[in-house]
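Engineer: Chains as they are written, first to last, in our numbering: chain A, 1 to 248; chain B, 249 to 609.
Since the hints were made in silico from the structure, they are not lab data.
In silico lysine-lysine, DSS-like type, Cα no more than 27 Å apart, as pairs:
(1) B/K501 - A/K217
(2) B/K508 - A/K113
(3) A/K129 - B/K508
(4) B/K472 - B/K565
(5) B/K501 - A/K138
(6) A/K138 - A/K113
(7) A/K129 - A/K113
(8) A/K207 - A/K129
(9) A/K138 - B/K508
Every beta carbon over 10 Å from chain B, so not counted as near; a handful from chain A, in silico:
(10) E9
(11) G33
(12) G146
(13) E162
(14) E227
Even for Gly, the Cβ is constructed at its ideal location relative to N, Cα and C.
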Amino acid sequence: MDMTAPAIEITDLNKYYGAFHALRGINLTVSRGEKVVVCGPSGSGKSTMIRCINQLEEHDSGTIQVFGTLVDDNLASLDEIRREVGMVFQQFNLFPHMTVLENCTLAPMLVRKISRADAEATAMRYLEKVRIPDQAQKFPGQLSGGQQQRVAIARALCMQPEILLFDEPTSALDPEMIAEVLDVMVTLAQEGMTMVCVTHEMGFARKVADRVIFMDKGEIIEEAPPETFFSHPRNERTRLFLSQVLGH
Amino acid sequence: MTASSHTLGRAARLRRLRRGYFGSPLSALMTVISGAVIAFIGWVLLDWGLVNATFGADGTQETCAANGGACWSVIAVRWRVILFGIYPYEEQWRSALACAVVGVVILLSCLPRMWSFGRLALVWTLGTVIFYTLMRGGVFGLVPVNEQQWGGLPLTLFIFVATAVIGMPLAIGLALLRRSDYPVIARVSGWIIDTIRSLPLLAILFTCAIVLPFMLPGFLIGEKLYRVLFGAALFFAAYQAEIIRGGFQGIPKGQEEAAKALGLTYWQRTFRIVLPQAFRLALPATINQFVIAFMETSLIVVVGFMELLAAGNTAFKTGTWKFAYAEVYVFVAAIYFVFVFGLSRYGAYLEARMNVGHRKD
Numbered sequence: 001m002d003m004t005a006p007a008i009e010i011t012d013l014n015k016y017y018g019a020f021h022a023l024r025g026i027n028l029t030v031s032r033g034e035k036v037v038v039c040g041p042s043g044s045g046k047s048t049m050i051r052c053i054n055q056l057e058e059h060d061s062g063t064i065q066v067f068g069t070l071v072d073d074n075l076a077s078l079d080e081i082r083r084e085v086g087m088v089f090q091q092f093n094l095f096p097h098m099t100v101l102e103n104c105t106l107a108p109m110l111v112r113k114i115s116r117a118d119a120e121a122t123a124m125r126y127l128e129k130v131r132i133p134d135q136a137q138k139f140p141g142q143l144s145g146g147q148q149q150r151v152a153i154a155r156a157l158c159m160q161p162e163i164l165l166f167d168e169p170t171s172a173l174d175p176e177m178i179a180e181v182l183d184v185m186v187t188l189a190q191e192g193m194t195m196v197c198v199t200h201e202m203g204f205a206r207k208v209a210d211r212v213i214f215m216d217k218g219e220i221i222e223e224a225p226p227e228t229f230f231s232h233p234r235n236e237r238t239r240l241f242l243s244q245v246l247g248h
Numbered sequence: 249m250t251a252s253s254h255t256l257g258r259a260a261r262l263r264r265l266r267r268g269y270f271g272s273p274l275s276a277l278m279t280v281i282s283g284a285v286i287a288f289i290g291w292v293l294l295d296w297g298l299v300n301a302t303f304g305a306d307g308t309q310e311t312c313a314a315n316g317g318a319c320w321s322v323i324a325v326r327w328r329v330i331l332f333g334i335y336p337y338e339e340q341w342r343s344a345l346a347c348a349v350v351g352v353v354i355l356l357s358c359l360p361r362m363w364s365f366g367r368l369a370l371v372w373t374l375g376t377v378i379f380y381t382l383m384r385g386g387v388f389g390l391v392p393v394n395e396q397q398w399g400g401l402p403l404t405l406f407i408f409v410a411t412a413v414i415g416m417p418l419a420i421g422l423a424l425l426r427r428s429d430y431p432v433i434a435r436v437s438g439w440i441i442d443t444i445r446s447l448p449l450l451a452i453l454f455t456c457a458i459v460l461p462f463m464l465p466g467f468l469i470g471e472k473l474y475r476v477l478f479g480a481a482l483f484f485a486a487y488q489a490e491i492i493r494g495g496f497q498g499i500p501k502g503q504e505e506a507a508k509a510l511g512l513t514y515w516q517r518t519f520r521i522v523l524p525q526a527f528r529l530a531l532p533a534t535i536n537q538f539v540i541a542f543m544e545t546s547l548i549v550v551v552g553f554m555e556l557l558a559a560g561n562t563a564f565k566t567g568t569w570k571f572a573y574a575e576v577y578v579f580v581a582a583i584y585f586v587f588v589f590g591l592s593r594y595g596a597y598l599e600a601r602m603n604v605g606h607r608k609d
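For reference, chain A alone in the conformation it holds in the complex (with noise of 0.2 Å):
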């Protein structure tokens, strides 16, 4: 991996689902450090498009590089990605049959080989970093819906990855807990992690967006910072789906 290369270059990327043109001709790049907020419709495939970069969707043509490595059929590149791309879920996606230190444990023991005590110190400071290190030897399905998403973010955190993808992280929480999460991804940011973001959560855009990527049927349709991004939309449908996301 080349660290001076971009953290994400996206080229041309095309996907179909059989005759479904998913995405259509992306291209992005994301430097080291950039946080970007992808938003847009239901459908219109942004979570596609973070979910190629790490391969948990296959691409049908176009090119994806993270940091200068091509994604491709070579596994052992694919390894290596993975290795620097975490990844946040909607649904959270915690091992149910493991306590909290352990889904934190289980990968930087079988993927990056460091010893149980490292990984475990290791895990106890991610743990404390999202404000809940008293819960380390509970299981998932004892903690609220904020905290396991917490724990999924302590749990990627623990591969120090390069990058962050985050899948529309607070669409399954309750209204009272999308802040708790939130607050700990703007500490990341601040922190100067690379973060790419699908989110509806537009006061988190404006405040650690560098860029707003806005996405519809496909395609990108306006990438903008995000002061210009709200204040001057430019396409005619980013307008319609601002006015619905901030009308009320």
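Position chain B against the provided structure of chain A, taking the given hints into account.
Structural biologist: Same frame as chain A, but now just chain B:
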């Protein structure tokens, strides 16, 4: 969960009982009638099995008939035939010891602290070696005893354990192949499973015992017992594979995605994330399959092995005890009961244990 009886107060509990059993004239009537039926059956069994029964090795058909109840003397006289079959009489202590070894191995494997690959492998390898040495003999001054002469409880336990121990990895393999991303592999595995499931166990056992020797090269034929075991294991695997597949289907897609995103390899995902959760979901059906496998050990008699039930059958086939078949069957049934009931209770314990922290409330 609804409030169970132990979360209610004493008065509420009494009230619930009264309402449940005597809440209306009809339910009061049903309570009285079924109570009477249960009491009658219980009394008949007690009367036959205990009050009027004959115990001790000196009972005969005449004394038993005079007492009117069960003739447990048949067990006192013939228990060694029932438990050990035609295993040489002087060597039957080896059979008893072998049973104890299997028992210890099973009990050890049930303890959660033994649940690591290394420990289980050690216990099972040691157990198998000791069992085989004891039963087969030919070393350490033990008289050799051919597999054809094994019988009774050790044979039943051996068939059951071997079926499960060989069958389970096969089942996991078949289930994993069936969910392969490659349609050819998935389909072939599906065909194998469906083919085995569409054959009766008896046909498989006969094929392994009688037909296989004509088809296999000499060095592969081996002892009949092991060929038959392989057939039983294959049969077990086909059913168990479908049970595990059911477990796979209950796991949310996000679990594997999260594991992939963390960089876990296929095998790490399979053994750390997918299989543990699949087995949790499939536990009740798996215990059921074990129970069926235990019962089906009795089918092996058709290819000429004297397992527990067959040994019981021979115990009353001699002239003097022809009348006492009921007692022998009750005795054999009690042995099956101990194992199967233990298995079911252990399954219930596992379920309770796995639910700790797994469910939210």
